[in-house]
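For reference, the chains in residue letters:
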Amino acid sequence: GCTRKSDDTTAAGAPTRTPDQVKIALVPGGAHPYFQPWKDAAAKAKSELGVGDVTFNETSDWDQTKQNDVLKSLAAQGYNAFGVFGVSPENINATFEDLKRQGFPVASLASCPAGESDKADFCLSTDVQLAAYKAAQAAIEAMGGQGDLVHLTGNKVDSNTQRRIAGVQKAVDETGGKVKLLQTVTDVDKDLQTAQKAVADLLAAKGDQIQGIVNTAYNPAVAAAEGVERAKLPIKVVAIDDDKTILAGLRNGSVAATVLQNPAGQASVGSYALMKLAGGCTMAQPGVIIDSGSFVVTKDDIDTYDADRQAKTDELKKAFDSRYLSCK
Amino acid sequence: MSTGTTTAGRAGLGGSLKEVTARPEFTLAVLAAAGFVALAVATDGNLLSRGTLEAFFRFLAVPIVIGLSQMVVLAIGQMNLSVGTLTGLCAMVAAWLMLEGGLPAPLAVLGALGVGLAAGLVNGLLVVFTRINGFIVTLATMTIIEGLRYGVNGPDTFQGYSPWLRGLGTASVLGLPVVLVLALVVAALVALFFGRAVVGRQLLATGGSPFAARLSGISNDRSIVIAHGLSGLLAGVAAVITVAASGSVNSSIGDDLLLQSFAAPIIGGVALAGGVVSVAGTCLAAFLVRLVDVMQAQFDINPRWIDLIVGAVVLGAVLLGTVRQKLSKGSS
Amino acid sequence: MSTRTATPPEIPAAGPPGPRGPSRMPLWANPRLGLLILLIALVAIFTVLRPAFLDTTLTLVPLQSDISVYAVVGLSQLAVLSLGHMNMAVGRMAAMSAFAMGLAYDRLGVSLVVGLVIGLIVGTLLGALAGLIISRTGVNSFVVTLAMDFALVGLITILYTRFTDGVAFASRPDGMDALRNDTFADYCMGDLCGPHIPLVAPIALVAVLAVGLLFRFGRLGREILMTGASEKAAELSGIPVRSRVVQAHALSGLLAGLAGFLLAANNGAFSARIGDAFLLPSFLGPVLGGTLLAGGAVSVLGTVLGATLTQVIYKGLNLLQFQLDQLNLYIGLVLLGALSLDRVRHVVAERRRARA
Amino acid sequence: MMLTAENLVKTFPGVRALDRATLRLAAGSVHALLGENGAGKSTLIKILTGVHRPDGGRVALGAAELHLNGPLDAQRAGIGVVHQERNLIPGFSVAENILLHHLPRRLGLVDRARMRAEARRCLGLLDLDLDPDTPVSRLSVAQAQLVEIAKALSVDSKVLLLDEPTASLTGDEADRLYGIVRKLRDSGHAVVLVSHKLEEVFAVADTVTVLRDGRSVAEAEPLAAYTRDQIVDLMVGRAYSSVRLAERHVDPAAPPALRLDKVCTARGHRGISLSVRPGEILGLYGLVGAGRSELAKALLGLDRITSGTVEVRGRPVRIRDVGEALRAHRIGYVTENRKEEGLFLDQPITRNVGVTVWRRLARAGLVTDRAERRLVTRYVDRLGIRIASPSQLAGQLSGGNQQKVSLAKWLAAECEILIVDEPTVGIDVRTKAAFHELIAELAGAGLALLLISSDLPEIVTLADRIAVMNGFGLRGELVNDHDYARMSQAIIRLIHDERVPGERLE
Ligand SMILES: Nc1ncnc2c1ncn2[C@@H]1O[C@H](COP(=O)(O)OP(=O)(O)OP(=O)(O)O)[C@@H](O)[C@H]1O
Ligand SMILES: Nc1ncnc2c1ncn2[C@@H]1O[C@H](COP(=O)(O)OP(=O)(O)OP(=O)(O)O)[C@@H](O)[C@H]1O
Ligand SMILES: O[C@@H]1[C@H](O)[C@H](O)CO[C@H]1O
Ligand SMILES: [Mg+2]
Ligand SMILES: [Mg+2]
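Protein chains in written order, with my numbering: chain A, 13 to 340; chain B, 73 to 404; chain C, 19 to 374; chain D, 3 to 508.
The set of hints was computed from the structure by calculation and includes no laboratory data. Any given hint could be a false lead.
What the hints assert, rightly or not - Quick partial rundown of chain C residues pointing at chain B, CB under 7 Å, derived from the structure: (1) N158; (2) I176; (3) L177; (4) L353.
Cβ atoms here follow ideal geometry from the backbone N, Cα and C, with glycine treated the same way.
Given only the sequences and the hints, what does the whole structure look like? Please build it.
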């Protein structure tokens, strides 16, 4: 009879490549301001690491099928190491396995697969639950330790959203009832106008009860900062990331604090590690999850935060050399 | 803005009371009023507080205008799938003109309207020259416009443009947001256009019976181009309102508008087959959908339940229409 | 008898009467042929610009998987275009079917095939429900299915939140991975291995053949088409139009469910996002292939070609590494071009005939 | 010559509709344009009004050549038209429809007062007392037709083209129309009249052009020079002998194939009792709106029967839809409205005829084209349907041939009971005669036929018995003795509720 060919491609192991043979592709889930630092980091990594190429391709448009296509197209183009923000954490492992089967090192960047296992070589991502926890804490502090808090976030059917909800809840629970989580509004990150409308309606309905709004998604953060300022309400808004708009809000006071992640670090350290893996190193612990750091920034440290973040990035790089990677 | 379902010159001005109550707009008006009162009571009057009313009406302006933008093409029996992304593009262009182009706000507004009109005309001309169904043409142009919309500023947000324009977005006259007044003025003009203007009547004739219209010397091609052009222009108006009222725009603007653009006219009693429009119905339907929005915020309902409810409301409204039609047929 | 009948009758068309009526056009004006030529031209262009376009494992095999999914998506829309209807809820019907499959695998632990059947039944029922509402109320299909789409979006999220940890089912049935990863080249009899065709392709092929057979030779399919051509005349010809409407929509739901399964197999999980991106391609395939929105005529082969063309365009543009804005721009432009080309061919053919 | 069209050529897919046709119109005359179905009359009219562009030939007004790029050009040139098909915008008012091509305007807006006044004037020309604000969707067929005529008159035209204007008018209404036509002629207009009702043509027209197969075989000849038969010969292209219908014998004792007993419907029919035996033709006569078509539809389950019984071959039945009527009872219905209910205009002839027989042809649910084509060709041959190919679209056939296709599908279905509704409306003399032959032949072969017709001579020619309806009720039934004068009198009297001595009344 009929037999199935044995899976010898994975068994064969990855070929070792010199840095100039390594072509790295950084593929975000779609177009989003968060990923814009990846672009610069990619260019910088290319020159600093001396690798063949580092490209940035955001055409996957928040669609797993399209992302898979983009990845395969890049592979066909000769890219042989991948840093990927998986569109759907639930089945991104399948995509990672595909890439691994071809012998490519893979990094899960800025988000980790849902569930227990991680089929990428490593996951370098914000601990979103921790970041949300810090954000909520910042909000609670700005509120003076008591009052009603609202959480605005993204797509409800997304494991990261679930983790963020848990993080905020944890911070609120720790106040022992002094702070109440009045409402968690999900699905308001789809587009800016939906977020603006939701914020306006929320403020209209409960504006005078709310003392703080913590945002764990981009569009609602922009909308909340603006809506609160416009309504001239004394609500403390905690935003996410450091997009121009958010920083402007921080400066003019409409944003009390923002929780930064480390996209540039993810891209540069990720690229570095990928290059190493392509060169014959292996992960000491395959599928390890590494927090790329999150930082609460207020008006006071607005000019200095980047140094902290750079320090974290350097530290991450060292940790890869010393702990995560094992090279002969 | 009293124009109801505009098809024929109606039998007599005003018509009998029975005729008035038999119109779909009447049902919608009753529903809207009842819903509003019910929500006001359920929120202990919070709905009637200044801030809430203001927010309610401010975010009613775009749904009205975008509904009209779709209605204009439905009038000739076509659809425009690009209204949403086009609104986004126009909004981005306006912001770009002010921030990067350094143009004063009024010129940027004209620029946005111009882009809307031009894109609409291109849609119309493509339909005429390729003879491809408008649904398909605008499906393709929607993709193109999506690319352009993103091209203006990537994923980043524009804000901090003209204080005058943003001031206009928050200003009120007689307790009504200026942007809503603007939307209502636009609605009145559209009603006048379809009710009384020769060109508007010709559009409806094209929608009602293209062949008969042609035999009466009406150029259906011209109707198609005008309808799509007007639809684009109205998308431009929606964009201007967005830019003014929201204070910041990015390439996601317009993503929520496509379904809304259909919901308002369809619930408002506009026939997909063409030849029938209802400005009042469209406005009332937008009002109803907005009520649902506000209800969600007031009672902290999962937005996914809102989708379910809106779906049910649309189905309910059309079902009601059919039942009533059957009843009125049975009685005559 | 008359001078007119004395002129030799047309060569009896060998093929089925095309979507634009009996083919009186020269062969080269056949829209399917034009599509095929365009397809070959595009493949040639892409290959010249990026030789990797012909890479078996990285381009051709995934391309076939994608075509398999989107051909079925196109057929799902085609099933109701035959009536002159639309199904704005294709994606959500696919998602609901996929949910049912996921639930069956996860909670009941059923085999691959049993779960598939359960999912297909759910899809079929959803389609039938839409058809039932449409045929009973006479409300436009666009409105009904759009409203249904709204309702299902809400329902799907609520269900996933309820039955999974939010997003997707964790477990996968046996065989699912093979379906995703394997081609027939992985199966050998001695030294003889199969071709580099993914395992999902034959599933889609069966759907294509079945739908083709149905509309070409099946009494049911023909009666659906006649209902699409004129509901009134169909009713007065003894066709049970209401059932045909329900059946066409049920078929649409069934195919949407199948597309959902194929996509889940390709992507590796039954998740809430399945079908999100189905709407646009569902129209592109049939319409590029020459199916009219007016009803009464469909082209199954054209739909497959249309889906193929769309996927080739995506693939090619991806390989050319356009940035997001340019990508959308070019996709839109190529599609407009492909659509207009068909029109140009028609005009030219008509002119020629008029001169003849 | 006021308007001339010379050597016009027009080709449609598969058909040369006009093949060097010529029409010369003189001012101050009524010009009849005659020809069989599909001869090209409507095509010619459409070219003269800018709807179609000719593939060859020229049109001239006086000495100047006319280039008509659209209907508007024709109107500007002073050519008014009433097309064969109705062309009103359903949602618009009467006034707006009448004036649609030149809406009175002020500042880009419709001047409604002027529009109403102008519309009233046009309606007045037809002595039509109709509120100009009425939506046309509320008009009866006849009223809509008159509005079309008013619309044509609203153009200040020197030439008026009427394509079968009286097809849906009553005798009185037609007379009124012809009165206006004469007035227009006397005031120097040129009027073209297309009609299959030769009596009317002879009564009103001065000159005649006859088209045959797209060619003019008589060009602007004085009509007085011809007899009716000569005109028919010209149209047909050979000596035309009137038909002789097959002798039939109906067994008066045979049990009825279809019997209605005191049937009432949701539509408002009251106590209708009828019966038809195999081999018999029952004529069902009435004026437009008498409720005959509605009765047929109720029989087929398209409307609800509220009381009374329907028996098929002696067994009481309750039919739910046309499919059941056909399959369970072998009843077929040839509708009066072939364009909307009888045919699939955008589908090939094969499908149009095959639709009723697929169930029979199907093997395991599949139908082969060959089986279908074979069957269809048989009926196309049998009915002498003129087609370019079996895959030609039904909508491309002329009216008469469309009517035949609509009948063919029921013959192919092998019905035993056939209801034929207004089979010869808009059908030329020869085809009409052929139809009559066919109907008689079908009855001769044992079919039970219910013939609904508003054409009195047709009923008297064909029927064995004549049932007369008015206002959704049955007025009575007569045994036909084929004496036209006597029968028509008796029928008219029945309609006006005068008892006819010696006739059975329900
Ligand atoms: N739009 C069209 N497309 C294709 N064929 C057409 C079209 N219009 C007319 N024809 C064909 O042209 C021929 C002439 O048709 P026309 O309508 O002029 O006939 P007619 O003399 O008016 O007949 P009738 O008495 O039945 O109205 C017919 O064979 C018809 O099938
Ligand atoms: N109350 C009414 N209002 C408007 N139209 C009506 C009404 N009653 C009947 N009609 C229309 O009048 C036409 C004639 O009705 P019906 O077909 O039942 O009578 P008929 O005797 O068959 O007349 P015809 O000779 O026209 O076939 C139909 O088209 C029907 O739709
Ligand atoms: O953490 C990242 C960023 O905050 C951005 O929202 C993109 O996806 C999220 O998961
Ligand atoms: Mg004619
Ligand atoms: Mg009738």
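Minimum beta-carbon distance criterion (7 Å), L353 of chain C to chain B: holds, 5 Å
At a threshold of 7 Å, is the proposed contact between L177 of chain C and chain B supported by beta-carbon distances? The hint is violated - L177 of chain C has no Cβ within 7 Å of chain B, the shortest such distance being about 10 Å.
With a cut-off of 7 Å, does the beta carbon of N158 of chain C approach a beta carbon of chain B closely enough for the hint to hold? Cβ of N158 of chain C sits 5 Å from chain B, so the hint holds.
Tell me if I176 of chain C is really an interface residue toward chain B, meaning its C-beta lies closer than 7 Å to one of theirs. Since the shortest Cβ distance to chain B is 6 Å, the answer is holds.
Checked against the numbered hints given earlier, this structure breaks only hint 3.
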